[in-house]
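Student: Chains as they are written, first to last, in the working numbering: chain G, 6 to 437; chain S, 63 to 210.
Just so you know, these hints were derived from the structure itself, not from any lab. Incorrect hints may have been included.
Simulated restraints, written as ranges between beta carbons of each label pair [claimed, not checked]:
no., chain 1, residue 1, chain 2, residue 2, range
1, G, Q45, S, L100, 23 to 33 Å
2, S, D181, G, R137, 45 to 55 Å
3, G, A35, S, E153, 47 to 57 Å
Cβ atoms here follow ideal geometry from the backbone N, Cα and C, with glycine treated the same way.
The residues making up each chain are set out below.
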Amino acid sequence: MAVEAQATDVTGRSTAGAQKRPKPDFDVDAVRRDFPALHQEIHGRPLVYLDSAASSHKPQAVLDAVSKIYGRDYSNVHRGVHTLSQRATDAYESARSTVRRFVGARRDEEIVFVRGTTEAINLVAHSFVAPRLSPGDEVVVSHMEHHSNIVPWQLLCERVGARLVVVPIDDRGQLDLDTYAGLLGERVKLVSMAHISNALGTINPVRRVVELAHAQGIPVLLDGAQGVPHGGVDVAELGCDFYAFSGHKVYGPSGIGALYGKHELLADMRPYQGGGDMIRTVSFAGSEFAPPPTRFEAGTPNIAGAVGLAAALDYLTRLGADAVAVHEDDLLAYATSRLEELPQVEIVGTAEHKASVVSFVLDGVHPHDIGTILDHQGIAVRAGHHCAQPVMERFSVPATTRASFGVYNTRHEVDRLIDGIAETLEMFGCRT
Amino acid sequence: MSDLRQLYQEIILDHYRSPRNFGPLEDANHDACGHNPLCGDRVQVFLKVEDGKVHDIAFEGAGCAISTASASLMSEAVKGKDVDEARDLFERFHDMVTGVEDVGEHDLGKLEALAGVRDLPVRIKCATLAWHTFRAALEQNPESISTE
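The following block holds chain G by itself, in its conformation from the complex (with noise of 0.2 Å):
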């Protein structure tokens, strides 16, 4: 396939930044003098913050937008016509119009605001997928997905009768292409799936899995919620009939999310939740419901939240979408050489298209135990399943520990969880 000419490559992910070398402009210590939160000592160390992909620390600007909203010009949205009510409204919708840029949609209308990517997906197992699925109807989804694109098709299809049909990844945990599209039958009405795992870093070939898909007239709904944080997204290159992501795990605020849908598809939905401003006239004869966006943003939405995410997302557009992919791929690129230095160490997840994600495990040591030492050291990461179950089974270990990175991690941080790991083995008698 011919990536060389395009602005993407098969994953969707840019691909400008892979052939050049750091850019010049991308100063990690400015970067981190702009996250308040990075700089406090833990247990008497300097914190190490390697859990971005749980959820991400905020810029000042994020701080001062929500700041900025919440004091001076607050009030109700699409409501009142007194000033303060009209700043807020234009705030709110001009994030709207910050997201559609970010993510390459046609028009503002094509974003609705929800809490985050569990509400966009059970949002369109709602009010897209479910009107359409017939029992024996199939929902595709992968083996690597997290919880939240799992158990709201696992929810729609035992309501309905329905399949949830599961395409297998490989050992180094890789999408199964083939298997993939022998399984795109007619009875299947959606193809729901992560554009990065949260559990293994891999980024899939989701260019090819929305082509598949569309060949047999299939719509597909992709898991940004990592997508968006390790690189953007161009949801026009991808073609993509929806994508979910969530504004804490993108240095924005928790709460907060964005579903984009083609425009065609949204307006002929059914509303998600009935209440206020979701409707156009409401009588007891029967409710008139307003046109997409709205009619899925029932009730106040968070307005505060839409005006920190777009903060976050002009942050991120400042910093360059090439300019963090390459600073994120050299992070994991050395986090990967060093681990691979300790015997006791096995990667989980070795995909070649891998976003800034490192899933491990220690022999002879529990991923429990790993994160309480390493937080002992200030070190922060995640030990556990990460919502993703099916994949610790897939890859037969209860739990992993796994560091993510972002835009504000230097290789010094990776070496303090090399040290890290290298006292967690001597402390369990394991020899380094």
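Start from chain G and add chain S according to the hints.
Tutor: Below, chain S alone, put in the same frame as chain G:
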């Protein structure tokens, strides 16, 4: 780190690597399963209880050093004890790891190796999972035990 080294001391690591009373118990007349959904740890406790006494105990499962060592130490501590004594032991152990009372007031012997858990709130459940499961087995609670 020194506090932590006190917790991850030799006795804990020894019981983690070589858990005592580990495996099935063929003539068990009580058993229960425990599950910590937070970390996925699972433990199954088998008991042979007669005349109000824990004659034998065994456990199976996979978990972290703290949960495995706690299960192993518990199995040693309750074996041969009267059921009432064993229940009382759990109460005192629970008070110790949750920090209700100071260490040293319990006279818990080897179980005191787990006292440091009180400073690690998220790990208390690791230390108590086997005990909760033990109590459920005594009561032969048919429901699976969860720390949640």
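Student: Next, verify each hint and record whether it holds.
Tutor: Verification of the supplied hints:
| no. | hint | verdict |
| --- | --- | --- |
| 1 | G:Q45 x S:L100: 23 to 33 Å | 25 Å, holds |
| 2 | S:D181 x G:R137: 45 to 55 Å | 53 Å, holds |
| 3 | G:A35 x S:E153: 47 to 57 Å | 56 Å, holds |
Hint compliance for this structure: no hint is broken.
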